[in-house]
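Line order of the protein sequences matches chains A, B, C and D.
For the first sequence, the residue numbers in my numbering are 1 to 83.
For the second sequence, the residue numbers in my numbering are 1 to 83.
For the third sequence, the residue numbers in my numbering are 1 to 233.
For the fourth sequence, the residue numbers in my numbering are 1 to 769.
Source of the hints: derived by calculation from the structure; they are not laboratory data.
Just to be clear, a hint being listed does not mean it is correct.
[What the hints assert, rightly or not] In silico DSS-like pairs for lysine-lysine, Cα to Cα no more than 25 Å straight-line:
(1) D:K432 x D:K164
(2) C:K113 x D:K432
(3) D:K517 x D:K66
(4) D:K69 x D:K517
(5) D:K308 x D:K348
(6) D:K164 x C:K113
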Amino acid sequence: MSYRVHVRVVPRAGILDPQGQAVEHALGVLGFAEASGVRVGRAIELTVAAGSRDEAEARARKMCDRLLANPVTEDYLVEVEEA
Amino acid sequence: MSYRVHVRVVPRAGILDPQGQAVEHALGVLGFAEASGVRVGRAIELTVAAGSRDEAEARARKMCDRLLANPVTEDYLVEVEEA
Amino acid sequence: MVRVAVVRFPGSNCDEDARRAAERAGAEAFFVWHRDTALGGADVVILPGGFSYGDYLRSGAIARFSPVMAAVQAHAAAGGTVIGICNGFQILCEAHLLPGALMRNAGLRFVSKPVDVLVERVDTPFTWAFDRPTQVRLPVAHGEGRYVADGVTLAMLEAEGRVVLRYARPAAGTEPNPNGAERDIAGICNAERNVVGIMPHPERVVDPALGSADGLLFFRSLAAPRPVAGGTR
Amino acid sequence: MSQAAPPRAPAASAFPGERPVTPEVVREHNLTEGEYARILDLLGRAPTLTELGVFSALWSEHCSYKHSKPVLRTFPTTGPHVLQGPGENAGVLALRDGWAVAFKIESHNHPSAVEPYQGAATGVGGILRDVFTMGARPVAVLNSLRFGPLDQPRNRWLFAGVVKGIGDYGNCVGVPTLGGEVGFADGYSGNPLVNAMCVGLLREEQLIRARAHGVGNVLIAVGARTGRDGIHGASFASEELSEASEARRPQVQVGDPFTEKLLLEASLELIHGGYIVAIQDMGAAGLTSSSAEMAARGGVGVEIDTAKVPVREPGMTPYEILLSESQERMLVVAEPHRVDEVRAVCEKWELIAAPIGHVTDDGLFRVLHDGLLVCAIPGQRLVDDAPVYHPEAREAEAAAARRELVPAEPAPHDVHRALEILLDSPNIASKKWVFEQYDSTVQAATAMGPGSEAGVFQVPGTTMGVAVTVDCNARLVYLDPYVGGKAAVAEAARNLACTGARPLGITDNLNFGNPEKPEVFFQFREACRGIAEACEAFGTPVTGGNVSFYNESPTGAVYPTPTIGMVGLLDNVQDRVPSHFMHHGDEIVLLGATRGHLGGSAYWAEVRKCIGGRPAPVDLDAERRLQQLLVAAARARLLRSAHDCSEGGLLVALAESAIGGPYAPGGLGVRVDLTGYAPAATVEALLFGEDGARAVTSCLASNREALLALAVEHGVPAFVAGQVGPRRGPVEVRLGETIYGWQVDTLRRIYHDAIPRRMAEALADRAGA
Ligand SMILES: Nc1ncnc2c1ncn2[C@@H]1O[C@H](COP(=O)(O)OP(=O)(O)O)[C@@H](O)[C@H]1O
Ligand SMILES: [Mg+2]
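Just chain A, with the same shape it has in the complex (with noise of 0.2 Å):
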């Protein structure tokens, strides 16, 4: 079976966002005055061949802990669907 994943990272909380601010602002200038609290990050799509959903999720964290998010400063959420 195999599965398309999609991986969201996110800069984490209270650690400074100067992409999402500039957004945000620039969001403003063009009159979009219902937006707020913009962050901006990285989206990581990918198809993972697996047994089983719940194993391509396992993978796609493991993925997500070595390479793709920093743990650092950054925070990651994984979503699978049937590929």
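Fit chains B, C and D with the ligands to the given chain A structure using the hints.
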């Protein structure tokens, strides 16, 4: 009402994604042979004040069209959750 | 003669500059390929600047797993000197040989310019040729140089005197903190003081004929024997 | 073209599923009926779609120079120091002691208009490859940019994206940006210009040429896989939309500077190690032009199997593989017994190397796909028999009329304000916002970086310095193409000479509108005439360049912009002369004669809102004498600073000299008395006129007499105007009884804030685009 919106912006299919290639290669080296089709993009989280879930999504899409995504090279995906 | 190994990762682009600077300072310098597993009997290892693996994902995140890094870890663990410059500093943080992380510049743009930095600690192998804390002007050229760490780590770095290089305070005629680094940190060392990482590029200013040799003492430090305790501190 | 009966090319078959070649399809490929007839004659049969694609690529303006060739032939291209003139990937000039420079400029205007970041980034990638395929290591890049005014969000977005694209690419590869220029004018709003120049160093014996030879030698594709990037969209524009056609939509080319860096190191290792006989970048028209041109230059044929080309996407047709413009790819020719060594070198640098064909003796450009012959064209004629046109050239009345214009409203005579307006104009203001995004010190050889008259780098291990600049005042070319062309070469040479460097040669990027319009072709022909004369006079041959036509948009054609990239030599890099005043108390000496030509000046344009008048005539003899004086004075170490006097005139040159370099701890004051300097000229003309052949210099008081004597020797007028004042002091200019005064740090702030102030909201600008 306010909603937490998750936006994923990824390079459009067919468009070269050097970053995705590099990450896929690195995952292979780290023994994650089961990973393939890696694409790397941006994840943007924001809170949107809106009257309804649909309105929040509609506004978020406008933000993507105007600012968050590059219409020439990127596709985006919007998810809305109650904040 | 002190033997200096300069590690070449795919995408390194200050490797040659670092090698030349080390030789100018009187060391014997040579390259080590990222796939090598030994350091050729080096006394000092330099991880040079550049864009290892394109700096894709995060600066240094992929290079950290290169085969040679096991040897670098071992060298550091055995007390050997390891220097990271710019991308090298980023790799050392990703490899957890140094605490904290280097994040996107606060200005969100790549910044290439000379900055004024204070060499605050002269008790590291990369700075002991300065006999006292000294302000120098060094080029920076990076997009991800904003040093970040949690409060506890920052307090520890300060308490243990591990902030080796600090951007000068804003003042007329000085070029200050270019990237929003916390506490104006431009370079740090580990608790044992044998692993040092800095963002600026001393290897680019070692030739008076080109206008400045402000960077030469860093490499003289590497080439010179460790001063006797109680000496230049 | 030859009158001989056309050799009948062997029959080639259509690729399964391929559209038949109809007159409509021919038109979609931008081939005229005449050109198609030429193809029929050349083949002696109808072409396959694949062949049609090959012709349309190689006979495009970009590859064939069909409108510009006859004019380009008038350029001087020879000289004792020319190792390689036009016709190769880059020109090569000898320096000294066996060292040589390879350099070339290239435009990426249209891609940058669609996708500024990737368009500019891939432009840098292409020009780097042109240089390292000559066997030279790239040691400097420059860029010349033009946009519409910064008060429009779209222009700000293009400007920000282009600069970031150039920076991210060059920074990653590790080549310092040593200079460039940026200009802003209405004419560029619909059509920005992005020209990138690269300079490389090599030992003379390392020079390699892109000529396939040796029947049986192997063609090897090295580097990135081939995708559908940038394939000529026309070929399926009229296909009814199906999933298949949608999947074949041409894609924006994306640059991968990391792969470029590996390709650079691998290519130099292959060349210097003697593993290969030829190498060429798969740039415009990709595999087609690289293979066809290498074959034609070598007078041989080639056979390629497109099924062997590593691809990024499944189901690519020979047509797509031949015409793809995927970046970071090289075509290498090697002797059969060296293929494994080539593979090994590429493997070390983590690059793919795939044999895809070989050199043949039948002179044919032959393409198979899994054994099916889809293309068979007489190679030499494919390249050499491209059509050549001699378009009509006629100046538009409106253009001639512009030269008669003078400012409408009366002169404000507010000199004080006028200088501030000029320093705040993005055309003149500091470009720090731009060049701080470019690594200018990597490779540790930078002696003078951006923010100086020209970039200067040291040749490693020698005392030599090489100076580089790009320049073009397009407003002058717009008003008088012939004079403007001369002026562009003169300014570039002056910029180099100010640093102490002797000009050696140029590369040019000719950015014009549609050459089929007589008024545009007139601009082109006349500008080239001016460039040729100036190069002749200065002994600086044209070693190569690039022509970019059709720079038009609904808002009209761009200003004719023949950008001049020039390279010069300093025998001793330590003789280089700074561009700004250095020391309080130094004497300020004005070199050259001021007559006060205001036609086409920045003052008229920015302050008096008049783009018109006759540009100052260019006195090539006076220019040459000034250049020689500056070089001699630098050698004798008589100068403390030298600043070219061009846009904005004398007052702006004085102000820029006082404001100081981008990282000076503040400006220096100035006290000058210009009474009796140019009595014939009005105040405006004296302070803001843009006569050429002038420089603002400073010297140690004790060197003044020696400098003046040297000036006399060279027949260059010199005027001792006053002294450099204290740090952060006042700038005072006396004219008879009047004294004009400013605070230098006020001027410095205006000069440095002009662009950042306008770019403050850059991020939001995409939306306005
Ligand atoms: N696009 C650019 N990239 C790098 N440097 C630039 C760019 N534009 C301008 N500069 C630098 O800014 C300085 C001023 O440019 P310019 O006004 O064109 O000088 P000049 O008129 O003497 O040619 C020069 O040192 C030039 O190299
Ligand atoms: Mg200029």
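Status of each hint after checking the structure:
no. : hint            : result
1   : D:K432 x D:K164 : holds, 14 Å
2   : C:K113 x D:K432 : holds, 10 Å
3   : D:K517 x D:K66  : holds, 15 Å
4   : D:K69 x D:K517  : holds, 17 Å
5   : D:K308 x D:K348 : holds, 21 Å
6   : D:K164 x C:K113 : holds, 16 Å
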